[in-house]
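*Asks:* Dock chains B and C against the given chain A, drawing on the hints supplied.
Listed below, chain by chain, are the residues.
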Amino acid sequence: MRMRRFQALRGQQLDIAGKMLSNEQTRRDFLRLCAAAGVAPTLLGLGGGKATAQAKEIVVSNWGGDSSKVHEKIFGVPYTEKTGIPVHFDSSPLEGRIKAMVDAKNVIWDVMDVDNFSSIKLGREGYLRPIDYSIVSRDTIPGTSFEHGVAAYVMSYVIAYDKSKFPDGAPQTWADFWDLERFPGKRSLYKWLTGALDAALLADGVAKDQIYPIDLQRALDKIKQIKEHVVFWDSGAESQQLLRSGDVTMACIWNSRAHMLENETDGRITFHWNEAIAYGDAWSVPKDNPAGDLVWPFIASMQEVDKQLGLLAELGAGPVTVAASEKTPPELQRINPAHPENWKLQTLMDAQWWSENYDQALAAYTDMIAG
Amino acid sequence: MNDQPRLMALVAPMFVLLGLVYLVPLFGVLLISVTEPQLGLGNYAQVLQSSAVAKVALTTLRICGITTILSVVIGYILAYVYIAASPGMRRMMMLFILVPLWTSVLIRTFAWLMILGDNGPVNGVMQSMGFERLAMMHNELGVVIGMTHYLVPYAMLTILAGMAGIDERLIMASRGLGAGPVLTFLKVYFPLTLPGVFAGTVLVLVLALGFYVTPIILGGGRVVMIGEYISTQILLISRWGVGSVLATLLMLLVLLTIALAARAVDLRRIFTV
Amino acid sequence: MTMRFRYSLPFYIVAWSALLFLMAPIFVVVPVSLTPTSFLSFPTEGLSLRHYQQLFQDPAWYRSMGQSVIIGLCSTVLATAVGTAAAIGALRLGGTLAMTTRVLALLPLIVPPVVSALALYRSWVLLGLFDSWAGTILAHAILGVPYVFITVSAALSRLDPSIAMAARNLGAGWARTQLQIVLPNIRSGVFAGAVFAFITSWDELVVTLFITSRGIFTLPRRMWDGIRENISPTIAAVATILILFSILLLLAMRLIRGRDA
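Protein chains in written order, with this note's numbering: chain A, 1 to 371; chain B, 1001 to 1273; chain C, 2001 to 2261.
So here's chain A without its partners, still in its complex pose:
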């Protein structure tokens, strides 16, 4: 009698156990356990899925250091005050990382500071979202905003030189930069190519409006002429170090660096805008960005005039919106690449050409340097 009751009880228990294993609650508990252990249930084939709720924060990816602090002060804090949405900063939006992130469906950034030609290239390859120009303004310097990237700022490659080494007159043009006899000393060009090709062609006598499409071979041959006397700089900091230490007497560097050197050395190292080569950085949004459409008003906020001028004052980055350009205060005009007086002396890098040719050109350039 007892035995049968016991067996019945056991049977009942087994029944309950069986029901429990298929119970939804148990499954959810198990998933929670997995999450706590840091193991994604997708791996175990249980399909936990990713959080699909929109993140209520904006993550900006820039190049770190000073720009992180300045962007936070100028863009981040005011926006959070106005809208209550926190803005965070991360760094190093390298093409490879962007691609890995989107491929792995692990996008952690909402807006990134990239070369505008990168935005064209990555956009073409499907890694970026088209900019929503109904919210963001496209009223920027012509040739700086595109389908997948809106202009963030402009910078220029300028001729920066040590005045004390050239008492008889400063180098005025790229032809002077290439003239090792009249202007002795080593030079520096950017290791990652940009600025160098345009400068070489200008030095070789090509007219400003004839530079694009770039005759790669001609530019490389020109650079080869002075190669033995060139040190190639890899980072902004290095470009400054080379001039500062006297390792080179003139360099093709970013105007922001040149301006910093000018302040540091009380004008001994200086620069001008003649034949400078301007380029633009763009704000791009990766596909599947966590904040979704919340990012557009934020980007629009970064285009406000006072913010653009703030960037100029703190980082030497030229404002891109036409409105900001017009309102530049006189004391900042000298260092502003986008100021009409400076702008007219320069040439603008053709983002379309670069988006299609950067890779091969860089390979050929590296090849020529190394060989």
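Rather than coming from a laboratory, the hints here were simulated on the basis of the structure.
Remember, predicted model here, so these are calculated numbers, not experimental data.
C-beta: ideal position from N, C-alpha, C; glycine also.
Just so you know, not all the hints are guaranteed correct.
Claimed, not checked - List of simulated lysine-lysine pairs, DSSO-like, C-alpha gap at most 27 Å:
#1 A:Lys344 to A:Lys327
#2 A:Lys224 to B:Lys1187
#3 A:Lys186 to B:Lys1187
#4 A:Lys307 to A:Lys56
#5 A:Lys208 to A:Lys227
#6 A:Lys56 to A:Lys99
#7 A:Lys105 to A:Lys82
#8 A:Lys82 to A:Lys99
#9 A:Lys227 to B:Lys1055
Said to hold, decoys possible - Ranges of calculated distance between the beta carbons of each label pair, as one might list FRET restraints:
#10 A:Gln210 to B:Gln1127: 43 to 49 Å
#11 C:Val2077 to A:Thr265: 18 to 24 Å
#12 C:Leu2249 to B:Leu1252: 54 to 60 Å
#13 B:Pro1121 to C:Leu2179: 46 to 52 Å
#14 B:Ala1179 to C:Leu2097: 20 to 26 Å
#15 B:Gln1127 to A:Gln172: 29 to 35 Å
*Replies:* Quick look at chains B and C alone, frame taken from chain A:
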């Protein structure tokens, strides 16, 4: 006494750690070499025909070869002295070896830039002694100096590990039998240290091949080696097809070299012991 | 047991030149950390502690240092344990299994860091280990195993197998033999491997860049962050502090133990 299951247990954790979460996705990445941008061996054809790659490969082999030889020789000397040193001197030596190791490679490289610059202290001393200024920066010489500096501790400590167990009675026996110090070294001591030297050489060579920071900064942008080239392809311009081809070829080459060298060392051991 | 040889003078000169060569950048790093300027330079115009001030006042810096220390120590322990075990196992195992073990152990060393970074990134995203302590420690451990494997193998090559056999014949169990006979004799190999594994984690940049975001921000990331911008002498201050710390550590060890390691 069958130790087989226990030995497998010893080796198992490594298989789990490196095999599952590393090797499997690694295959996936290397597979990109034949899947991107299209299926097929196009990337391989492109890379093998590229003159840029050929130049980078030659530069890499040349610099890594010189650096490896220098590092192993200097490392060997330091290990040898360490073994014979008194406890106090050993502590000093260890300090001098370890302290540079945990100084980040970034700051070390910039320190070299400052030391070896045209206007730096070394050239300053040389000029005051009447010598010409030497260009030690932004060229291959600077890169070799910087890389050797980084690699010597690796060579030294590995060779030391191989030297530590040597029975000094073998040395004494050899001397007792009338062999001079040089002969003893060549025929008795050195062959015994060979496994350590081999391990050290492999380590240093492989590390040298992967160098990235130092050649860029000390080479003035003109010394382009394979580590940087691969990094550029993958990180900067996201040309993963080419990048993974180079990585695969590099891996196969290194594994082949180690396999061949291991054979050579084994043969020597047969003849000496 | 030390060997006492009579070395010739040139030998000592070469050895000490080598040591000075190793220390040369250190002699630069310390004064540079005291420079008053915001960029790398020798302090020709006086000394300043501002970079140390910056280091201690900016929580970001010592948070990064703390993270790097913890991650370094944990990954070193893991790498040393796994690598030493594998090296001991591989020595006795013969044939293809040993060969496979060796190749696998060397793999993270041979593969370019960027490729390792991509591979580990994909794994970590899948496993939910992205931007986590566990993920970073595991990844650094994986990168450290090859060093331990190589140095322990070098030390094992010197070990006379008959000693272990004698112990076994005298009745000692397998585990005891490993712990009391094998391990003490390969001390130098384990030590060297552990040092390399720690340095690998300490200096690791590319893989960490891929597998972390804002949660984990190690010291190398902090140093490279903004490198396009400026190379702050703060990194020289970091290096100097580490140097002081190593010297103190070595002095402490001498006081405590009173004899050589």
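*Asks:* Confirm or reject each hint.
*Replies:* Okay, the hints, checked on the actual structure:
A distance of roughly 17 Å separates the Cα atoms of A:Lys344 and A:Lys327; the hinted pair therefore holds under the 27 Å criterion. Between A:Lys224 and B:Lys1187 the alpha-carbon distance is near 53 Å, which puts this suggested pair outside the 27 Å criterion. For the given pair, A:Lys186 sits about 52 Å from B:Lys1187 by alpha-carbon distance, which is inconsistent with the 27 Å threshold. Pair hint A:Lys307 plus A:Lys56 holds up; C-alpha atoms about 23 Å apart against a cutoff of 27 Å.
Between A:Lys208 and A:Lys227 the CA atoms are separated by roughly 23 Å; this keeps the pair inside 27 Å, and the hint holds. The hinted pair formed by A:Lys56 and A:Lys99 meets the criterion: a straight-line CA distance of about 24 Å does not exceed 27 Å. Simply put, A:Lys105 and A:Lys82 have alpha-carbon atoms about 31 Å apart, too far for the 27 Å limit, and the pair is violated. With a C-alpha separation of about 33 Å, the suggested pairing of A:Lys82 with A:Lys99 is violated against the 27 Å cut-off.
Between A:Lys227 and B:Lys1055 the alpha-carbon distance is near 16 Å, which keeps this suggested pair within the 27 Å criterion. For the hinted restraint 43 to 49 Å between A:Gln210 and B:Gln1127, the CB-CB distance of approximately 47 Å keeps it satisfied. The hinted window of 18 to 24 Å between C:Val2077 and A:Thr265 is violated, with their beta carbons roughly 50 Å apart. Distance hint for C:Leu2249 and B:Leu1252: a CB-CB separation of about 42 Å, inconsistent with the stated range 54 to 60 Å.
Between B:Pro1121 and C:Leu2179 the Cβ separation comes to about 51 Å, which falls inside the hinted range of 46 to 52 Å. Between B:Ala1179 and C:Leu2097 the C-beta distance comes to about 41 Å, which lies outside the given range of 20 to 26 Å. Between B:Gln1127 and A:Gln172 the C-beta distance comes to about 34 Å, which sits within the given range of 29 to 35 Å.
The structure is inconsistent with the numbered hints 2, 3, 7, 8, 11, 12, 14, although it conforms to all the rest.
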